[in-house]
Amino acid sequence: MTAGRRIPWQRALLYLVLVGFAAFYLMPVYVLVVTSLKSFAEVNLYRMWDLPHSFSLESFKKALLGGFGFTGLAHNFVNSFYVAIPATLASAFLGSLNGYVLSKWRFRGSNTLFTLLLFGMFIPYQSILIPLVQTLMRLGLYGSIPGLILAHTVYGIPITTLIFRNYYATVPKELVEAARIDGAGVLGVYTRIMLPVSMPGFVVVMIWQFTSIWNDFLFAVTIAQNPAVQPVTVALNNLAGSYIVEWNVQMAGSLMAALPTLLVYIFLGRYFMRGLLAGSLKG
Amino acid sequence: MRRRWLKGERLITLLLLLPSVIAVAVFVYGFIGWTGYVSMSNWNQLLPDYTFVGLRNFFKLFAHPRFQIDLRNLAVFTALFLTGSLAIGFLLAVLLDRKVRGEGFFRTIYLYPMSLSFIVTGVVWRWLMNPGSPQMGSTGINLLLEKLGLGFLKSGWYTDPRVGIKAVAVAAIWQMSGYVMAMYLAGLRGIPEELREAARVDGASEWQVYRYVILPLLRPITLGAIIILGHISLKIYDLIVAMTGPGIGFSTDVPAYFMWETTFHANRFAQGAAIAVILLLMVSLLIVPYLIFSVRREAEV
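Chains as they are written, first to last, in my numbering: chain A, 1172 to 1454; chain B, 36 to 336.
A hint or two may mislead.
Below 20 Å or equal to it, Euclidean Cα-Cα: the simulated DMTMM-like pairs (lysine to aspartate or glutamate) are [said to hold, decoys possible]:
id	chain 1	residue 1	chain 2	residue 2
1	A	1344	B	333
2	A	1232	A	1213
3	A	1344	B	44
4	B	42	A	1353
5	A	1275	B	44
6	B	134	B	296
7	A	1275	A	1221
8	B	182	A	1221
9	B	42	A	1221
10	B	95	B	84
11	B	134	B	44
For the record, the hints were derived by calculation from the structure and aren't laboratory data. Source: prediction; values computed, not measured.
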């Protein structure tokens, strides 16, 4: 009814504004794609909005494999996966255990404990960076991928706990009680009742963790400075900061660094959204 | 018999929590304490020196011209980033809520920047906001503005110290406003149509419906968005690194950037720790009341 009553020009204006904003959000991607498809000969800052005349994948190849004066990003992609996959799995698993206990086995002080855990999600990591480096050095993990995995796992616990706690809260109490009457203990309820229905929760948590670990820069640049173990965000920042590297190669590198999380977002957007909204404590 | 059984179960639940509790106790609270201790030490060279010097590092810091600029920049950035993201996010949510054809399509486009790293955003926006030169001509956004006949909007962006951090805020708004849109849209969908209808029947104009019915109902979402964006804003670091660095006359510098540089480049660990403590205090002022309020309210339900 509201839609039918509306005057046509108002409707047109509405779409005009929506399309205008869409153009604003897409503008950087347009430049990324168009520039990375140009060959070195064609790259020109003063023609950056023009479409490429020919189709060239040269810049992608260079960004991956390197060229004069710089190494490619190929092994940094591998590093990022080495860090993101184990840290995602480990923090998701721990979050699932915590979420289970904190939603189904509440005890006196469990809400306080939960609040204390959640605080870890918001702290500026600068406030733990110096002790983290010192500790990792002492453990022999500084400058290594396992060190980075450890950091991401630990600092991932608050958000994964939050998402799982809210998710498990939706599992009916009756299911848990029924299993208890059948003689299931704490672990039995977890493996027989909770885990089988946990899939959507795991998807949300893993997407969230993978995205934030892949995109992390602060831990990576602090813990993994060594080129051999650098994740892609650090390597990309170095690549883009270098005056030797051509502009189209920088754009191709950025596009590729963005691709894994972008694909996750495009294909699993629904779950991505849920993680986002969970981040605001709403579940 | 039953009591002991219960006790055993209680023990198991605590054992399940134990690894995480220990990890967070050490890596969050222990480390924060450690940083606090460093901030009051004399450790301003490569090798640790834990001689206690009280609040000296903090006094020095607040007298430091760079830190004063940083705090001002952070205030400007936060104000712009929050108002910009909230305004654009709310506008887009309201527009998308008007039974738009292709809503999913628009929503996907508005939200995708959220999935990118600040490094990618920074690298792209550095090129977009590269102003070009008067001799050679405009580049990036300036060039686009010229082509659209909006040449009067051209700017030196981050290369102009008077703009500085405001240019970075534009990129941050680009990245995060879609998130606010998603939050508001979820909120709008939760408001029953009958409420709006009732207001309309009472003779409220469309504007009044939003002003007096919708906005008050969305207040918890606005609060949530302010908390989330606020803490991101206070911690902003990656975007600065990739986009501008500290800038001319520190015009794009922020405390988080200063902290990293002074700690890990200049080995002034105590000074870095002091900045970190101040950052933590600022974030805590924002987060702690909200956290306690949220968990408590939920417990009451």
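Problem - Straight-line alpha-carbon gap residue 1275 of chain A to residue 44 of chain B, limit 20 Å - result: With Cα atoms ~12 Å apart, residue 1275 of chain A and residue 44 of chain B stay inside 20 Å; holds.
Exercise for the section: Could you grab the alpha-carbon distance between residue 134 of chain B and residue 44 of chain B and see if it respects the 20 Å cut-off? Expected result: This hinted pair is violated, its Cα atoms lying about 52 Å apart.
Exercise for the section: Assess, step by step, whether the Cα of residue 95 of chain B is no farther than 20 Å from the Cα of residue 84 of chain B, and give holds or violated. Expected result: holds (18 Å)
Handout entry: Agreement of residue 134 of chain B and residue 296 of chain B with the hint, judged by alpha carbon distance not exceeding 20 Å
Key = Roughly 50 Å separates the two Cα atoms, so the pair is violated.
Exercise for the section: For the pair we were handed, residue 1344 of chain A and residue 333 of chain B, check the Cα-Cα distance against 20 Å. Expected result: holds (17 Å)
Exercise for the section: Given the hint that residue 182 of chain B pairs with residue 1221 of chain A, test it: the Cα-Cα distance must not exceed 20 Å. Expected result: holds (12 Å)
Handout entry: Agreement of residue 1275 of chain A and residue 1221 of chain A with the hint, judged by alpha carbon distance not exceeding 20 Å
Key = Not OK: residue 1275 of chain A and residue 1221 of chain A at ~59 Å, beyond 20 Å, violated.
Handout entry: Pairwise hint evaluation, residue 1213 of chain A against residue 1232 of chain A, where the allowed Cα distance is 20 Å at most
Key = holds (16 Å)
Exercise for the section: Given the hint that residue 42 of chain B pairs with residue 1221 of chain A, test it: the Cα-Cα distance must not exceed 20 Å. Expected result: Roughly 72 Å between the alpha carbons, so the hint for residue 42 of chain B and residue 1221 of chain A is violated.
Practice task
Verify the proposed pairing of residue 1344 of chain A with residue 44 of chain B, using a straight-line Cα cut of 20 Å.
Solution key: Since the Cα atoms of residue 1344 of chain A and residue 44 of chain B sit roughly 17 Å apart, the hinted pair holds (cutoff 20 Å).
Problem - Restraint status (C-alpha distance of residue 42 of chain B to residue 1353 of chain A at most 20 Å) - result: holds (19 Å)
Checked against the numbered hints above, the structure violates hints 6, 7, 9 and 11; every other hint is satisfied.
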